[in-house]
Each structure stands twice: as structure tokens, then as C-alpha cells.
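Student: Below, each chain spelled out in residue letters.
Protein chains: 2
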Amino acid sequence: MHVQVIPSVKEAGSAKFNHKTAIAIDVLRATSTIVTALAAGAVSVIPAETVMDARALQRPGDIVGGERFSRKIAGFEFGNSPREYTEQAVGGRRVILTTTNGTRAIHKSMRADTVIAASLLNAEASARFALEQRRDIVILCAGSHDDFAIEDGLCAGLLVEHLKQMCPSAVELDDFGGAMHALYRANADSVLDTLMNSQSGKRLQKLGSAEDIYECAKVDSISIVPYLNGDQLILK
Amino acid sequence: MHVQVIPSVKEAGSAKFNHKTAIAIDVLRATSTIVTALAAGAVSVIPAETVMDARALQRPGDIVGGERFSRKIAGFEFGNSPREYTEQAVGGRRVILTTTNGTRAIHKSMRADTVIAASLLNAEASARFALEQRRDIVILCAGSHDDFAIEDGLCAGLLVEHLKQMCPSAVELDDFGGAMHALYRANADSVLDTLMNSQSGKRLQKLGSAEDIYECAKVDSISIVPYLNGDQLILK
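Line by line, the protein sequences are chains A and B.
The working numbering numbers the first residue of the first sequence as 1 and each following residue consecutively.
The working numbering numbers the first residue of the second sequence as 1001 and each following residue consecutively.
Don't read these hints as lab results, they were simulated from the structure.
Check each hint, because a few of them may be wrong.
The list that follows gives simulated cross-link-like pairs (lysine-lysine, DSS-like), each with its CA atoms no further than 30 Å apart [claimed, not checked]: (1) A:K10 x B:K1218; (2) B:K1016 x A:K206; (3) A:K202 x B:K1164; (4) B:K1072 x A:K164; (5) A:K236 x A:K218; (6) B:K1016 x A:K10; (7) A:K16 x B:K1010; (8) B:K1202 x A:K206; (9) B:K1236 x A:K10; (10) A:K16 x B:K1206; (11) A:K164 x B:K1016; (12) A:K202 x B:K1010; (13) B:K1016 x A:K202; (14) A:K16 x B:K1016; (15) A:K164 x A:K236; (16) B:K1202 x A:K16; (17) B:K1072 x B:K1164.
Please construct the entire structure, taking both the sequences and the accompanying hints into account.
Tutor: See below:
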């Protein structure tokens, strides 16, 4: 089974996804928020590319959330902090989410047979679900404004670590996947520090959202796997 | 001083090079060959983008070398193996070189104030020379056919290691640079193995060029620094 890791959305030509299982990652914070919202009982999360799309998709009872440049969008109920998506807030409701990088990564992956939203929170469960699909795997790091983001690379490396542990002989890695695996192994004991020192982490700390980073760094704390069914992310 | 690392030629928009010192890397094998040829006494190396350009640049006494898909170009005297560029072969002569990725990386960097050709062979000397230019630094991994190549990332990480040792407080790394630094530190004792297991390394072994990989893995064995002067790489 071939496992390819793509450094950022900019590199994600749609031909790379055909007949594959795609795993989209935006650790800070979109996929962490998606995982948290679904774990808290949201019915589904609908990734929207634009603010206008998000508004058009909203039906009565839906929650609309998202960010641009790490800030809540004017008029939206929620931002992109996983801490907002509590059971009380989202239980039994649909969430429409639009973010700068993460929702774009999910849209870029749509040519794949299966699209999974993964984060540090649910990496182990995501790796297992991906293996069960029995297809080659492409892991897309959302990155930040077309550039690589180290927290997404770290999560890609953690996914590779799990894939290799679950299926030691059958995983064939591309060079970037090998590099991210080495990155994860070198930082397995300092995940939170790596997030804090990343460009996105520093930006969030400046905006007073350090708490979000702690939330997003809880490795393998949630065992659900959001995957795309039509235009909605639901649980397997 | 800001240090940015670019994963592959595809990501190398020319705006990223303005007012900076660029370090182009193609460990397997173009920049290793360039360093070797100049260390062996070649007067200069002229990177040409196409086979036709290379032929047009050739004057009596010049050597024309290069590869496409890791193989020597029909009618060219030399391929892209550093072992061909001996003192006897190239001493006192100009070399025109065209390769799939490395010479393209040098051309992409031309907007920079200074362009250096670096490899594992001359990483320490290259880092020192780059610091002396007192500009922000952009390190361009040539990669392989628009994809990241782990041996170039490893060399970028080694350059970062040297830059940090030479100038501990002043180096400000982007996320990809941080990841490559971690990659290097995790593999500092297994450089040759990393090259052997890379996609490019495996391709070269299949073609019977394993010896080239040994040559290209001799970390900091050469202290010269090729830099671009007009359209020619010469020694400082």
C-alpha cells in the first residue's frame, strides 16, 4: 500500500486523489474542531469553501462557524475554536464550517474514494479506518496560506507511525512521508512544544487562543473518524 | 536573519528570492557534481536549462555534461556523475551542465542577490558564505520532478544546523526549515542510509550508480563554495 504525504494545499493536484483514501489534516484548528464537534454530538459538519457558500447552506437550526485569518467571521455564531463546539452547543445539530485552509483541503480531496478528516486527536482511529478501505493513501497537510505548517506535518508523521505499526510490512512511503515520519519520531515527546513554537501556534497565542493549542495537542484522545458522505462529514 | 526552506522547484515563485541569498540544493546529483567539478579545477560551471541551450553555449574546449531521467544525454561527453568530473577531465576547462532538477533550481533562484550551489559535500562552507552575505536566506530543495526529495531536505537541515551553530541567536526559521532541521538531527548518523533509501537513491542503484551515492554522502568533505557570477558558477 502506497502512502503519499502532500506538504500543502497548493501541491494538491486533484489527479493525486483518484482511487485513493484521502486524509485531510489541519491541526490548528479546522480538523481538530470538526473532530471535536462530531464527538460532541453534532449530526454532521459541512465544509464550505466561502463565507457566501456557508450562508447559503444554512437551514434553520444549523450552526454556522468559521474563521478568516484566525478570527471569527462577522455575523457567524461560532469561530474555529474546538472549545466552542460543546455538546450543549452543537448536540443534534448540523454545523456549517468555513476556514482559511482546512475546509479547502477537504474540498481539494474530494476526488478520492474516501475522505477522512484527521487531527492529532483522532490519528490512531483515522489510520485504522484508512487501512480498512484497502486503497493507497494520500495524506494532505492543509498548511497555512499555501505554505507548509509543521503541526500538520507532525500529524502526518503520527499517522504514518500508526499505519506502520498496524501494517508493518505493507506500507510504502514516499520521500515526504519518510521525512514527516522522522519529524514525528524526533518530536513524539514534545508535541505540545512543537505546536506552541509553530507559526500558527505563535499566531494563536498572540490572539489569546493558547488554550486551543492545548486542546488540539491531545494525541489520540478521541476515537471517532469523520468521513465525507456527499458534502457532509459524518461519523463512520 | 530569516531562513526559509522551499520543498521543491515547483514551490519556488521568483518573488521569494528578491534581496536574499539563495542556496540551491540537488544532492543526487547536480550540485554535488558542480562542487566536485569546481574542486577538481574546472574554471566554471554554466547551468543550462535545456539540452539545446547547453549545446548553444558550448565553445571549443568546453565540456558538456548532463542527464535526463538519471541517464547521460546522447552526444554529450559527460553525464551527471561527480566521479566523471576529475582533475584530469575538467581541470582548466568550462563545464556546461544541464540536469532535470538541479540546474532548474539554480535558474529559479536567479532573482536572489547571491546564488550558492550547495550539497552535503560543502554544506558547512556554504552556510558560512551565506551568513557573510548578511541577507535573509532562502534554501531551495530541487527535489525530483516537482516532488520533494528527502536527500535535499536532509541537506537543508544540515545547512540549518550549521547556520544555528555559527549564529545561535539570530536564525529565525520557517516551519519547513524547522521540520528539515529535525529531520537532519534525527538522521545525522545515518546520512548514507537515508540517501540509499530515498527514491532518487533507489533509482540510481537500479541504474548501477550506487558509487555516486557514496560520493555525494561525504558530509562537509569539501570547503569550496560555488556561487553564480552572471550565468556561471565560480568559486568565491
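Student: Each hint should be assessed against the structure and marked as holding or not.
Tutor: Results for each hint:
no. : hint              : result
1   : A:K10 x B:K1218   : violated, 34 Å
2   : B:K1016 x A:K206  : holds, 26 Å
3   : A:K202 x B:K1164  : holds, 21 Å
4   : B:K1072 x A:K164  : violated, 37 Å
5   : A:K236 x A:K218   : holds, 21 Å
6   : B:K1016 x A:K10   : holds, 16 Å
7   : A:K16 x B:K1010   : holds, 16 Å
8   : B:K1202 x A:K206  : violated, 45 Å
9   : B:K1236 x A:K10   : violated, 36 Å
10  : A:K16 x B:K1206   : holds, 26 Å
11  : A:K164 x B:K1016  : violated, 36 Å
12  : A:K202 x B:K1010  : holds, 27 Å
13  : B:K1016 x A:K202  : holds, 22 Å
14  : A:K16 x B:K1016   : holds, 26 Å
15  : A:K164 x A:K236   : holds, 22 Å
16  : B:K1202 x A:K16   : holds, 22 Å
17  : B:K1072 x B:K1164 : violated, 38 Å
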